[in-house]
Amino acid sequence: MTEAVLRTENLTKRFGGLTAVDNLSLNLPGRRLHAIIGPNGAGKTTFFNLVSGLLAADSGRVFFQGRDITGLKPHEVSRLGIKRTMQIKSVFPQLSVAENLWVTRHATKRVLHPFRAASSDLETRERVEHTLEQIGLTALAQRPAGTLSYGDVALLEIGMAVISEPRLLLLDEPTCGMSPAETERAVAKIKQLARTIDIVIIEHDMSVVFEIADDITVMAQGGILASGNPDEISGDERVREAYLGRPEDEDYVEEAIHA
Amino acid sequence: MDTLLLLAMNGLIWGLIIALIALGLSIIFGLLDIINIAHGDFFMVGTVLAWFTLELTGNFWVAFLAVPLIGFILGALIQRAVIQPIHNVAALSIVATFGLSLILQEGVRITFGTTPRRILPPIQSTFHMFGIDYEIYRLFAALVSLLALAGFFIFLHRTKLGTWMRAVRHDRETAIAMGVPAQRVYVLTFGIGFALAALGGVVAAPITTVEFRTGVDILPFCFMAVIIGGLGNLPGTAAAAVLLAFLEGIIQSFADPTVARISSLVLMSAVLLVRPQGLFKGLTK
Amino acid sequence: MMTPAVIARVMLIAFGAFLVAVPWLIPVILNKFWVSVIAEIMIWSLFAASVNLLFGYIGLLSFGQALYFGFGMYGVAIGVATLGLSFWPAFGLGIVASIAIALVSGIFAVRLTWHYFAIITVVFSLIFYFFAVSVKPLTGGDDGINFALPPTFSIGGVTGSFSDANFQYFFILATVALCFFLMHRVIRSPLGKAFVAIRDNDVRAALIGLNVYQLRLIAFVMAGFLAGVAGALFAFFGRYASASYMFYHVSGEAVVWAIVGGAGTLFGPVVGTTLFIVIREIVSTHWEHHAFIVGAVAILVVIFAPKGLVGLWNAELARWSERTNDASVKTKLRTEP
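One line per chain: the protein sequences are A, B and C, in this order.
The numbering of the first sequence is the numbering used here, which starts it at 1 and goes up by one.
The numbering of the second sequence is the numbering used here, which starts it at 1 and goes up by one.
The numbering of the third sequence is the numbering used here, which starts it at 1 and goes up by one.
Please keep in mind that the hints were generated in silico from the structure rather than gathered at the bench.
All values derive from a computational prediction rather than experimental measurement.
Beta carbons are placed, not taken as given, at the ideal position from N, Cα and C, and that holds for glycine.
Do not rely on the hints blindly, as some may be mistaken.
[Stated by the list, open to error] So the derived list for chain A, only partly shown, Cβ under 7 Å to chain C, looks like this:
hint, residue
1, G60
2, F63
3, I88
4, S96
5, H106
6, K191
[Unchecked claim] Computed far set for chain C versus chain B, every beta-carbon distance over 10 Å:
hint, residue
7, I26
8, F153
9, H249
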C-alpha cells in the first residue's frame with residue numbers, strides 16, 4: 001500500500017460548546033481525487049483550516065506524506081506544497097491578475113529579493129504567462145483582480161494554486177457561485193490537474209462531485225458518516241438520511257441519486 | 001501615609017471623570033469604528049465652555065446643563081459634516097479627527113486665548129480629612145460623575161435608543177436589517193460621546209486648569225482606559241479608568257508623575273499583547 | 001504618445017531639475033529663507049514616507065513613527081554633544097539607534113494589526129517620550145540638546161559642512177533622494193509585491209506561503225530606518241534634538257501628510273508634506289492660527305479625495321488616457337466565450 005498523501009489521527013476542534021471536527025481519522029491515499037461532502041456545519045471547511053494551519057487543533061495529529069504537520073503555521077504548511085483555495089473567493093484585489101500569480105510564485109522562495117525589480121525575473125515571467133494561458137486570463141493580465149467577474153476570480157484562484165506547483169491541492173467549493181458555463185470550464189481544469197496533483201475537494205454541487213471524484217468521504221457533525229467510491233455513496237442509506245434530515249439540503253440528494 | 005491616602009483619593013475622583021470621557025470614546029469606537037483623536041479636545045472644549053458660561057451668567061451651575069447640551073449638538077453636527085462623508089473608513093477617520101482636533105484647539109486659542117485660567121469651585125467650603133482641608137467640591141465632582149455613569153448605563157439598557165445603540169455595536173448588518181436607523185444612531189452616538197466628554201470638562205474645570213492644551217494630555221489616558229478595559233466593553237472601560245487613575249495616584253506618592261505615567265503605559269502594552277480583548281473579558285457580559 | 005507613464009516620467013525629471021536648481025532659483029524669485037523651507041520639506045517628506053511604507057504598502061497604520069525619528073535625532077545629538085563623535089559616526093549612530101529600537105518594538109508591535117497596532121505604536125512612542133522628558137541629564141527633556149555642528153568631511157583643504165547653506169541643502173537632497181530611490185526599488189521588487197499582497201489579504205498571503213509576521217517586521221524596521229534617517233538629518237539641520245519631537249502629535253502629522261498626499265503612492269507623502277508645510281509657512285506670517293487651516297484642509301481632502309491628492313491625480317490621468325485611447329482599449333477587452 002502506498003503512503004497516504006494526507007492522514008489524520010483523532011483530529012478534534014471545538015468552538016465553545018460546539019465540536020466542529022470530532023475525533024476525525026482520515027486516510028487519503030495518493031493519486032486519487034477525493035471529494036468531501038456533507039451538510040452545512042459538518043466540519044468540512046474546519047477540517048481544511050486545520051490541515052492548512054489557519055486553526056490549531058485541540059487534539060489529534062495531521063500527517064502529510066508521512067510527515068507530521070500538526071501545529072505548523074499556514075506559511076509553513078504552504079511551503080511544504082499544500083495549497084488551498086478559500087470558499088469565499090479570495091485573491092489580492094489591488095494587485096493585477098499577473099501580479100497575483102507573480103507574488104504566489106515568489107512566495108515559496110526563502111528570500112524575497114528586496115531591490116531587484118520583480119519584472120526582471122524572466123523565469124517567473126514565463127511561468128506567469130504560461131499559467132495565464134492555461135486558465136485563459138491572458139487578456140485580463142493587467143486588470144486589478146478586484147475588478148474581475150466572479151468566475152474569473154475562481155479561475156485566477158486555480159491559477160494561483162497551479163503556479164505554486166503544489167503537491168496537494170485543497171479546493172473549497174471551487175464552483176460555488178459559478179454560472180453553468182463557468183462550472184464546466186472549472187471542472188475540466190480540475191480534472192486535468194488531478195492527473196498530476198493530489199486533490200481534495202469540498203463541493204456542494206453533486207453533479208460535479210460524481211463527475212470528478214474517485215473517492216468520496218461524507219462528513220456529518222464533525223465525523224465520517226461514510227466513505228467509498230461514488231457508486232457506494234449514492235447507494236448508502238445513512239447518507240440519504242443525513243441529507244434528508246435537513247430539508248433545505250434535499251435537492252442535494254435528488255442530484256446525488258440522479259447523478 | 002496621609003499623602004498616600006490623599007493621592008489615592010484624588011486618583012479615584014479623577015478616574016471617575018476620566019471614565020466619563022473614556023466612555024464617550026469607547027461608544028464612538030464601538031459603533032462607528034473610529035479612533036477619535038479629537039476626543040480629548042471634546043473634554044477641553046467642555047472646560048472652556050464652562051468658563052464662558054460662568055463669565056456670561058455668573059452662575060457655574062448652569063454649565064452642568066448647558067455645556068453637555070451644546071456638546072451634544074456640536075457632536076451631532078460634526079458627525080453629519082465630517083464623519084458621515086468618509087463612511088467610517090478607519091484610516092480616513094483618524095486623519096479627519098486629527099484635523100478636527102487642530103480646528104478645536106485653534107478655535108479655542110482664537111476665542112479664549114492661550115493663557116491658562118482657573119475656575120473657583122462653586123462650593124468653596126472644605127472639611128478636615130487626612131490632616132488637610134479637603135475641598136467638598138471634589139466629592140461633589142465624584143458624585144456627579146457617578147450619577148452620569150449610572151444614568152448612561154440605564155439609558156443604554158432601558159431606552160429604545162440605547163437598545164439600538166447596543167444592537168448596532170453588536171452586529172451592524174443585522175441591526176440595519178432589523179430596521180434600526182443606523183445613520184441616526186451614528187449621529188446620536190457621536191453627539192452623546194461629545195456630551196459625555198463635555199460634561200467631564202465641566203466637572204473637572206474647577207479642579208484643573210482651563211486652557212487649549214488639556215485635551216492633548218488627557219487623550220492617551222482615555223485610550224489606556226478603553227484598551228485596558230477592553231475595546232467596546234463599557235463597564236470595563238469605566239473600571240479601568242478608575243483603577244488606572246487610582247494606581248497612578250498611589251505611584252505618584254513615592255515617585256515622579258512621569259514614572260507613574262510610564263508604568264501605566266507599560267501595563268497597557270502588556271494588556272494589548274497578552275489580552276487584547278481587555279482585562280475584564282469574561283467578567284462582564 | 002503621452003501615456004500616463006510618460007507624463008509621470010516627464011514630471012519626475014522636471015521635479016528633479018527644480019530641486020537641483022533650488023539654491024539658485026528660489027533666492028531670485030522668493031528669498032533665501034525658502035531654500036531652507038524646501039530642505040525641511042524634504043526631511044519631513046522622508047518621515048511621512050516611513051508612515052506610507054507601513055500603511056500604504058503593508059497595511060499597518062503606525063501612530064508612533066515619531067519614536068524612530070526621535071531616536072535618529074538623539075543618536076546624532078548625543079553622539080556629537082556627549083560622546084564627541086564626528087559627523088559620520090554620529091549620523092550612523094542615529095540610524096543604527098532607530099533601526100535597533102524599531103526592531104525591538106516591532107517584534108511586539110507587528111503581532112497586532114489594525115486599531116491595536118495603531119494604539120500599541122503610539123503607546124511605545126509615549127513610553128519613550130515620557131522617558132526622554134524625565135531623563136534630563138541625557139536628553140535635555142523638552143528643552144533638548146543643542147550642539148555645535150561638526151564638519152561633514154575634510155579632504156585635504158576642502159571642508160564640507162552644514163554651515164554652508166548650499167552644502168546643507170544638497171546633502172539633504174542627496175540623502176532623501178537616495179532613500180526614496182531605495183524605497184522605489186523595494187516597492188517594485190518581489191519583497192514589495194509581497195508587502196502589497198499582505199496589505200490586500202493577509203490570510204491569503206499566509207496560505208500562499210508568505211511569512212506574514214516576518215514580512216511585517218521587515219517593513220516595520222525599514223520604516224524605522226526611513227524615520228531614523230529623517231530624524232538624524234533634522235538634528236543636523238536644526239543643530240539640536242528635543243523630546244517634543246517624539247510626542248504623538250508629530251507621528252499624527254506624518255499620518256495626515258501621508259494619507260492626504262496619497263498613501264500607497266511613492267510621491268504621495270512628498271505632496272502632502274509640501275502642501276501642509278507651505279500652508280504653514282505662508283499663513284503663519286499673516287495669521288498665527290495656521291493650524292486651523294491645516295485641520296480644515298486635512299478634513300476637506302479626506303472627504304473629497306479619499307485616496308489622497310496623488311490618488312486623485314492618478315485617477316484623473318487614467319480617465320483621461322482611457323478616453324484618448326478608447327480605440328486601443330477596446331481591442332484589449334476579452335470576449336466571453
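Checked hints:
1. G60: This hint is violated: G60 (chain A) lies away from chain C, its Cβ roughly 21 Å from the closest one there, beyond 7 Å.
2. F63: For F63 (chain A), the interface hint is violated, since the closest Cβ of chain C sits about 20 Å away, which is over 7 Å.
3. I88: This interface hint is violated because 10 Å lies over the 7 Å limit.
4. S96: This hint is violated: S96 (chain A) lies away from chain C, its Cβ roughly 10 Å from the closest one there, beyond 7 Å.
5. H106: 4 Å, holds
6. K191: Violated: closest Cβ of chain C sits about 18 Å from K191 (chain A), beyond 7 Å.
7. I26: For I26 (chain C), whose nearest Cβ neighbour in chain B is about 28 Å away, the distance exceeds 10 Å, so it holds.
8. F153: 40 Å, holds
9. H249: For H249 (chain C), whose nearest Cβ neighbour in chain B is about 7 Å away, the distance does not exceed 10 Å, so it is violated.
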